[in-house]
Every structure is written in structure tokens, then in C-alpha cells.
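Chemist: From first to last, the protein sequence lines stand for chains A and B.
With numbering that gives the first Met the number 0 applied, the first sequence corresponds to residues 0 to 492, in that order.
With numbering that gives the first Met the number 0 applied, the second sequence corresponds to residues 0 to 457, in that order.
Just so you know, these hints were derived from the structure itself, not from any lab.
What you were told as hints is all true, and nothing was included just to trick you.
Over 10 Å on every C-beta distance to chain A, these chain B residues come out as not near it, computed from the model: (1) ALA118; (2) ALA252; (3) GLU276; (4) ARG319; (5) GLY322; (6) GLU401; (7) PHE406; (8) PHE451.
Computed footprint of chain B on chain A, listed as stretches where at least three residues anywhere in the stretch have a Cβ under 8 Å from a Cβ of chain B: (9) 182-192; (10) 471-482.
All values reported here derive from a predicted model rather than from experimental measurement.
Yeah, the Cβ is synthetic: ideal placement off N, Cα and C, and Gly gets one too.
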Amino acid sequence: MLFNSVIYWFFLPLVWLTYFVLPAKQRWIWLLLASYFFYGYWKVEFAGLMMLTSVIDWWCGMRVEQDGSLGWKKFWLWFSIGSNLAMLFMFKYLDFALGDSAMVRWMSDHNATAWIVELGKYTIPAGISFYTFQSISYVVDVYRGQEKAEHNLPKFMLYVSFFPQLVAGPIERFGKLHSQLFAEYSPRWEDVRNGLRLVIYGLFLKVAVADNLASVVDAFYSDHTSFTQAEAWLATFYFTFQVYTDFFGYSLLAQGSALLFGIHLMDNFNKPFIAKSIPEFWQRWHISLSTWFRDYIFIPVGGNKRGPWVLALAAMLVFFTSGLWHGANGTMIAFGVAQGFLYLFDRFVFKKLEFVGGHFHDHQGRLPLRRRLWDGFRTVKTGFFFMMTLVWFRSATMDQASEVFGMLWMPGYINCRLDGLEGIAAPTLAHGLQIPLFLCIFLLLDLWVMKDRADVWLGKFSMPIRWLMYVSMAVSIWIWGGAVNHPFVYFQF
Amino acid sequence: MMAWMKDIAPKVLLRLVVGAAVFFVANIWYVSSGLYKKERVKFSPVAGKLDSAFLYGDVVYLGESSNTSFNPWTDTFGYSVSEFLQMYLPQNRVRGVSHDGYHVGLFSQMLGLMPEHWADSGRKTVVITVNMRSFGPSAMFNGNEASNQQEAIFYSHRRALLNRVFVSLHHYDSRDAREMERAKTQWFRTKDLRLDNSTNGRHYGITHGDLVSKGEECYRHNTVKWWLRDLQRQFAPVSGDADLARVMPMAEAYLKEFAFLLDEENPRVQALDAIVEKYKREQVNVVFVLLMPNFDHAHRLFGAELTQLMDYNMDFLRKRFAGWEKEYNKGQFHVGYVDVQRLYSDCRLGEYLQGVSEDVGIGTVGNPCFDWAGGQHYTDQWYPTEHVDAHIRQFIAQKTAEKILAFQYRDRIQTGVTKPMVPEIKPSVNNLPNWNIKMPLADTCLGAWQGFRSKHFR
Chain A
0 MLFNSVIYWF FLPLVWLTYF VLPAKQRWIW LLLASYFFYG YWKVEFAGLM MLTSVIDWWC
60 GMRVEQDGSL GWKKFWLWFS IGSNLAMLFM FKYLDFALGD SAMVRWMSDH NATAWIVELG
120 KYTIPAGISF YTFQSISYVV DVYRGQEKAE HNLPKFMLYV SFFPQLVAGP IERFGKLHSQ
180 LFAEYSPRWE DVRNGLRLVI YGLFLKVAVA DNLASVVDAF YSDHTSFTQA EAWLATFYFT
240 FQVYTDFFGY SLLAQGSALL FGIHLMDNFN KPFIAKSIPE FWQRWHISLS TWFRDYIFIP
300 VGGNKRGPWV LALAAMLVFF TSGLWHGANG TMIAFGVAQG FLYLFDRFVF KKLEFVGGHF
360 HDHQGRLPLR RRLWDGFRTV KTGFFFMMTL VWFRSATMDQ ASEVFGMLWM PGYINCRLDG
420 LEGIAAPTLA HGLQIPLFLC IFLLLDLWVM KDRADVWLGK FSMPIRWLMY VSMAVSIWIW
480 GGAVNHPFVY FQF
Chain B
0 MMAWMKDIAP KVLLRLVVGA AVFFVANIWY VSSGLYKKER VKFSPVAGKL DSAFLYGDVV
60 YLGESSNTSF NPWTDTFGYS VSEFLQMYLP QNRVRGVSHD GYHVGLFSQM LGLMPEHWAD
120 SGRKTVVITV NMRSFGPSAM FNGNEASNQQ EAIFYSHRRA LLNRVFVSLH HYDSRDAREM
180 ERAKTQWFRT KDLRLDNSTN GRHYGITHGD LVSKGEECYR HNTVKWWLRD LQRQFAPVSG
240 DADLARVMPM AEAYLKEFAF LLDEENPRVQ ALDAIVEKYK REQVNVVFVL LMPNFDHAHR
300 LFGAELTQLM DYNMDFLRKR FAGWEKEYNK GQFHVGYVDV QRLYSDCRLG EYLQGVSEDV
360 GIGTVGNPCF DWAGGQHYTD QWYPTEHVDA HIRQFIAQKT AEKILAFQYR DRIQTGVTKP
420 MVPEIKPSVN NLPNWNIKMP LADTCLGAWQ GFRSKHFR
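Let the hints inform the model, and build the full structure from the sequences given.
Modeler: In C-alpha cells form, the structure reads like this:
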């Protein structure tokens, strides 16, 4: 079930109302059932797979806590990690890993092994990467002694499956989410109100901004050779904000939905496009995943405490894994590796150019113009580099990515426009005024106006202004919502 | 009542009421500003035509691409079936609504736009074209289906803004091309193609090396997947042959489009049932036109193994239509069907037996039978479609008109003699069975393919 589907808007109020009508001690059971229904709505088999993951990690978590010897603890830890990664590999990466090799053809021709190939082509269970990472983090935290193991299996299943953050995060840690899920809570109007504010703003970002941008981006990428260089730039620019508003909108919807139940999920975005460097960008973009990589890969590998080479290795490992996490495709790996190089470039090279910006304060304690210009340049540079790497992110194949890069940077590199042929109209990216208008409104809000999260920010206005904004957002969603059928970008991961 | 409820319920209710009021006002503005009208044309180009057809038409012809002259370069006589139909029914107002890729599932949804008590203003008839191919996985899991379903949102009289919200929230079968491809592959992989569930059908792809010829039954393929794989394997050593290479994509397409078996669970079959139910309620006559797939090319590509499946499916539909025709023969509501393939074969056979036409375009080289029309009547020579030349389009219209007139005579709506106003069609490129057709026929390449097939697919 998607947040931007009609069924969800019947599902959410029903679950919410029933949740609070039930006795406090039994509410979590209802939430567990609702979460499995939410997930099984796509395919019942998916729910079975998630249950299997939960059972394995619940068992491993207990073994890690209870077994006396370090060796056994390690065994259960790696058993858990291995089983999670194996499932992830089977459903997400097997097809990519096998490719169209001679081995596959041989396997296809022999019934005994053909099922493996078929499995690789099976639909990727929605959000498998998200709940797998969440589940892994639990076992690791128990191993490290940071968390106590959950002995109640259904309760652990709820931690893995809590529906607002199940399919696209934020990836929550056990300590934070578990304590909220089972805490005594009586609904408060402030939470309901703030939750609804996040929901409407999230829906506005997804439906009115991202889906409208998607109509242009999809048109370009479905037949990129038919467009001009300028249109290639426009599509690349639009995609940058499509992916941002899409995922940001989703995260707000998740936070808003969870807040209705009194559960505070972490912020997943914090104005990434004001970041002055790629390292800072990743502290502001998909924060729950970035911190996951930091805590479970970057720091264990050595982090920044063991010299530049280890740092470089850890960073590249993180970004390579991040690319792979985003999708079983060469383009995603290229995206991750490019981010890694940009990270190292900023960290080791660009940092040395800091002197160009001059002092941080003038004699009156203000930011000098030279520093402001330099910071502005760095912000634009960071956003621009990120935008460029998104060409890989969006392209279906490496060939398409290469062609789009060629179109962007070499005039006349490729252009098969059919202008002038009788009866054949050249395709166009013109999709009405609402697209640039909504994008400008969003950029204005995100980069300059909104200093707080949407719910807090909206709360600062007087009631008439606030309601005017609600109505404007609602009408924008209803009347100018994007018509392109585009699921959440991160949903596929 | 719990304390929190007293606090929260009024506030939530107030917001719901305000939201509903805003929605109501926005809906009025959306319609009165003309925005809805523009968007309806943008999202659902045929919805407006449907309104008009139901408003002004006595006979509404719901068709897909085969209604029209699909190939303007070779099909110089460009009347569509519905235009021919108007010529055959001068006393009726015939309105045609057609679009590429439409199917009975959509036609069923289109009935949402049919006005209440439409038939009160006189006996009405709706003609629905039925394309057997559209019941198969390739059509059902087509990447364009989401777009069709988006259009179908507007085939209803619900509030305008609600339609638009449903578009924004993708409240339709919005599976994207990738998901559709997966569903299609799943079908190809799992759906059994054996007509009689016999054990004769084995995985040809695996066991063919051990098989000796025991008659054709031994070589049946269980699934499309194995059939395709077998085809590719047989083709690989001869892939350098230009003629065969040209036919190969066509052969694959024929398998994917026609290798399936219809059953009661098929959603398109269920859509047919829904159509009849709806018309029965509304007392609107319905005529189904069962289009004629390209049996000739299918036979030359894969022989009886494929055409038997096609025959099974056609018979499945025929039985259904014949049952309805019989059931609803006497009352105020009639169902009829036009079996283009059978009628055309009978007609040509009659002409042949009378010696009217020596070269009637039924049998082609290597296929001297009267079961189906020759492949040259199809304007798409390299892909399995039902796009036929003007000659057959006219034939379809003629037979459909006969069926409608029969209803009208029976109901005494039509009493006098109806004189068709069909212009004389002068033989021209691809208008009549014309053996000087200049369009790129697949015949030469198919000849080479038949040699290949007889060698490898015994």
C-alpha cells in the first residue's frame, strides 16, 4: 500500500481510531496486524518473507545476549547478518549478479537449478533493503551491548514492520522506536495536529511537486535522443528536485502518520541543498541511512581515526555499498562510487582551498562578503556535483547515462529529433506552468523561508494564514497533482 | 467517552467538515472554470466522444485500432468499419468511438458514461468489437494498460474533482511497464498450454533431444516459455539467414500474442459478462463483432500447434456469444454476434463454389483451405494484428448491419427496405483482393520459414 493511494486514506483513519479505542495493553497487537496487512497488501508472500527475517533476527538477538562465549555471540551475529544479506541478495541482486552468463543459460536448461534463476527474476519485495538494515542494526546493537534483546517475538516483529516507516524508512534504531511503540500513551491533540500538518505538506511535495516533475523527467528519459541539449539540462535539474521532493515528501508522510500514534520518527532530510560539501550533504540527505552506514560500516572499518588511507577506504566502501543498496544495477554502483570520489575530493582536496574564502568573521563579528561568496560557490558546487551524479541514478543503463552526459556537455552529441518530418511532431518537455511554479515555491520554502520542520513552521502562523496554506496545498494536490504513474522513487529499494 | 476523545474528536470533525466544504467549492470552481473540460480531453480523449455518441447515436460502435484504416500508406480506401456501417444503415445514426489498444475491459468501463434510460428514446444498439488477442497475457499485461486505466477513470459520472484526485493518487490499475512485464513473464512461465491436460506435452526444450517422432502430439509445448526457448534454440544455428532473421521477431510475437488458453477466470471474459448484464438492465441491444486473427500467418509460422490454441479460444468466445444470442432472442433485449472469420470463409467458399471468383484470397500457397482469410488481407504483415484491408472492413460492416437490421425488423423499429448507401469501391492497392498488392508482404520470408519449420519443428 502506498501513502499516496486512496486505500491508504481509508486504512490510516481506521487503524488510528481502532488503535486508541482498544485497551492500551493490546494496542500494539492491532498495530502489528495492521502493519502486516499494509505490507501484505502488495503480495502476501512479501509478508511471509518479512516474518522470516524477523524470526531469524529475534532468535539471533536472544542467542547473542544469552550465549556466554564471545565465539558463539559472534557466530549468531554473523549468522543474522549473513541470513539478512542472503535474502537481500537472492531477491534483489541475484539477477544482476548472474547477468546473462553461460552459467545462467546452463542453469536455465536444467530443471534442478532453474528455480534459482527464476527466483532472481521475481519481483523485489517492497522496501526489503529498509527493513533488512533495520533488523541488522538491532542484532549488532545487542551484540555491542547497547540494547537488550527483545524476548517477545510479536513485539520484535512490530519493531521490524511498523507500517509508517516500513517500506522506505526512516531506518529507525531499536532503542528509539521500540520504547515508543510500547509506551503508555494517550493521544494528544498536538501530535495529531502536527502529524496532519506533516502529512499534508508531504503529500503536497509528493503529488504536486515530485509527480509533476516526474512527467517531464520520464518524458526525457523514455526517449532521450529526441531532445535537445537544453532539454537535457532541464530534465537533469528537474530530476534532482524530483528525487528530493519525492523522498522528502515520503519521509514527512511517514513521520506524520507515525505521529498520529504518538511515535516520533527521526528527520530524514535537513535542507541538503544548502550543504557546502559532499560530506555535509550526506549529513543532511537520507540521514537515517547515512548514520546507519556511519555506525555499522564506516566506524567499524576504521573511520577517520586511522589516517587518510583508512578513511579513504572506509568512505569508498560506504559509498560503494550505498550505491549497491540503491539498486542492483551498474548505474547505481557508478552513482555510489562517484559520490565516494566527490566525498574524498571535498575531504582532501577542496578543504585545502579554504583559504580562498578568507576569514570567517570581520572585526564586527559578521560574515565577510568574500566568505559569503565562497560559501555560496561551495553550495552551488556541491548541489551541481550531486545533480550530475544523479544522471547515473536515473538512467536505465550505463549506455543511456553516457549518452545523457554527452548530450549535457557536447552540443550536437546526439540528437535524433524528428523536426520537419511531415506528420511527426517533435516531442516536447512543455508540461504547463504548474511545474516551475510549484518547484519555485518549494525551493523558496526549503532554501530560505522554512527554518524549522514543516509542522513547527506552519504552527507559527496565525490561523487564517495557516488555513489558507492548508487549502492551497489541498487544492494543489487535488487539481494539479501529477498524473504520471510514478511510485515513490525510494520505494523500489 | 474517553477524555482524549472529547478533546480530539470535535477538532478532527471540524477539519473534516471544512475539508469537505473546500472540496465541494473547489469542485464547483474546477468545473465552472472549464479546467475539468480541458483536463478530460487531455487525460481521456475518447470520453467526450463517448458522451456525444451516446447523446446522438442510435448505434454506437466501440472499436479498437482495427476499426480504422491503420496503414494510410498502403490502404488507400480509408473508410473505417463504423463509417461503412453508417453507409449500410442510412436510417440510423451510427457513432464510432475507437482507439488503439482498447479492449472489452475498457468497453465495459465505458458503459459508465451511458446515460440512464438511454434506450427510452428509441431502440439503441451498441456494437462491441472483440479481439481474441486482447484476452491474452501480452495485451492484458501491456505496458500501456496503466494509461488506458487512467483514461477509464473518466468513464463515469462521479464528481469531476474526484476523478482528478483519483488520477493524482493513481486510483486505478497503475502497474508500471516493469511490473506488467513481470506478470507477463510469470504467465508465460506457468500457464499450461495443453488443451487436454494430457501427458503428451513435455518440456520440449529439455527432452527434445531424446524424442523420436511419434506424431505431432509429442512435440507440444507446455508453456510459452519453453516454446520460446525452443524456438530460439532452433533458430540460433540459422540466424545468419536474412529471411529467417526477418521472420524471427514476428514468430516470437505470434507466440506471445496467441499462445494462451481462455478460461472463465480471464478478466476480459468476465468483462464480457458484465457488459451483457449491464445492457440487459438497460435494455440496450448489443452486437459483438468477433474479429478475425491472422490464422494464415500463424499457421505458416507454427502450424497446427498454434492454430489449435487459437481455434480453442475463438470457439470459447463463439460458444459464449451463441449462448447469449439464443438466450436473448425472444425478449426486448437482444444479443447478437458477428463471427467474421466463419462468415468470411463461408462467403468466399460460396463464391468459389459458384465459380464467381477463381482467386478469392483464402488459400495461399501451402495452405489451400477455406478456414481463414489469406494473410495478405492484413495491413500489418510483420506483426499479429487484426488490422484488415478495406475489403474486409466493409465485409464486417455489412454483416454487422445485417445483424442490427434483424433486431430492428424483429422489434418493428425498421419496417421498410433499407438500401445501403455504400459507394462502389474500385479496385485499388489493397482495397480488394488484389494480387498486385505493393505493400511489403511477409510471403517470401514466410516461405523460407516454412522450410525451416518443417525441418526443425516436426
